[in-house]
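Enquirer: Produce the complete structure using the sequences and hints provided.
Each residue of the sequence shown is one higher than the one before, starting from 0 at the first, in numbering that gives the first Met the number 0.
Where hints are given, some of them may not hold.
[Said to hold, decoys possible] Distance condition first, Cα-Cα at most 30 Å in a straight line; then the derived DSS-like pairs of lysine-lysine:
{"id": "1", "residue 1": "Lys-185", "residue 2": "Lys-333"}
{"id": "2", "residue 1": "Lys-122", "residue 2": "Lys-203"}
{"id": "3", "residue 1": "Lys-126", "residue 2": "Lys-72"}
{"id": "4", "residue 1": "Lys-122", "residue 2": "Lys-108"}
{"id": "5", "residue 1": "Lys-162", "residue 2": "Lys-138"}
Just so you know, these hints were derived from the structure itself, not from any lab.
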Amino acid sequence: MNHFGKTLTFMSLAVFLMLISAGGASGKILFNDTIDVGSGYQINNYFIEVADVIYSSEVATIYVYEGESKTPKYDKFLSVGDSFTFKVEGEDVKVNLVSVYSGLKGPAKLSITVTDSSFINTKTLGKVDGGHTNAVFPKTPVLDITKTVEPATMGVGDEVTIKVSVTNKGDGDAEKIIFSDPTPAKFVLQQTLIAPTGQTIITKGETRLVYVYTLKATEAGTFVLNPTTAIYSNNVGDELPQASSNSPTVVVEDSSRKANLDVTVSLDKYTVDRRGNLQGTIRMKNIGESSASGVKISLLVPAGLKYVDGDSSIEIISGVPTIYMESFGMQQEKEIAFRLKAVDEGTYTVSTQNYYSFNDGVNPNLQSASSTSMTNAIYVKEGKYDYLLEQPVYVYLVPLLLIGILAGWFFYKHRQYKF
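Expert: Have a look at this one:
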């Protein structure tokens, strides 16, 4: 090969390497298509909008907005073939005006590339018709959860009220929130007044009371309650870090001279067909250090369920199944069975109201105490053959009538052949 040929080969190789190098530097192409005037392309919190096209001059005006600002952060007047670069989260985004077209919306063809796409939130990436005002920008809600107890010092068998509130201190709504608040050891859930159900939304700046419930202490000691936690997402579906509340401390003092009647009510099942039976048990134990007297336990059965029968110690007083005992000693235990019948479909709870007195060894008069207990939710569903009872009478009479006619006809023919 002569000198000229070698030189030509070398130049060709150099050009080829330059093209490869240029191609590598161009990075990843995010978009290479036309965009109408007034529409644009979104990357994370930035929006590239085609503001104007002049076909005769082959130029276009490109706006770049940051977030919901109504004023463009960048205003570029480009000729076909021109480009400009700006940064999103520290990475270069290059916009090139490929061509312009005539028409009512005078579309412009843009090529948008990035050197590294790892920073891009794909939930906000893409072409948006109608421009900057139609773009949905990712927000960052921040949930601040506060847990309080009242009182912070109590006795065994006393109840403490827990309240949990949450404030959204971020710049957007918190969506698909799921709260978790486990019952601490050595406490029994007594009553739930407020509790979240399913997924909830807490708007920007909103403060909401999400839990109010009471716990009964079953043992003396100093207890640090579990934090309430929440998982949630922002407006574009990004999952955000879990939020946790503070962990308040409860001091449970030894109530050595106090009667403490622990009453729980449970059922053998919590899902039952209509007209089905439920077997219940009332469990009583005096976990205090003094005998209880004048014990009265009322079993509150909601409409939709019916009290059927129970142990002989249960009397019906003013229509309410009631247990009465003159005294109930320290550490004494007792179980009382009863039976209910499911009458109507629905969701119910069975509860007890408990009253008793005791001598605390200090006051001259008997001290009164009361408490409540409640079952888990009871679901009464449609019975297996309920649909049969809902049919019109003729649905049953017609087949019976036909059976009767056929039976009579066979009997008649049988007698004919017999003789």
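Enquirer: So which of the earlier hints does this model not fit?
Expert: none
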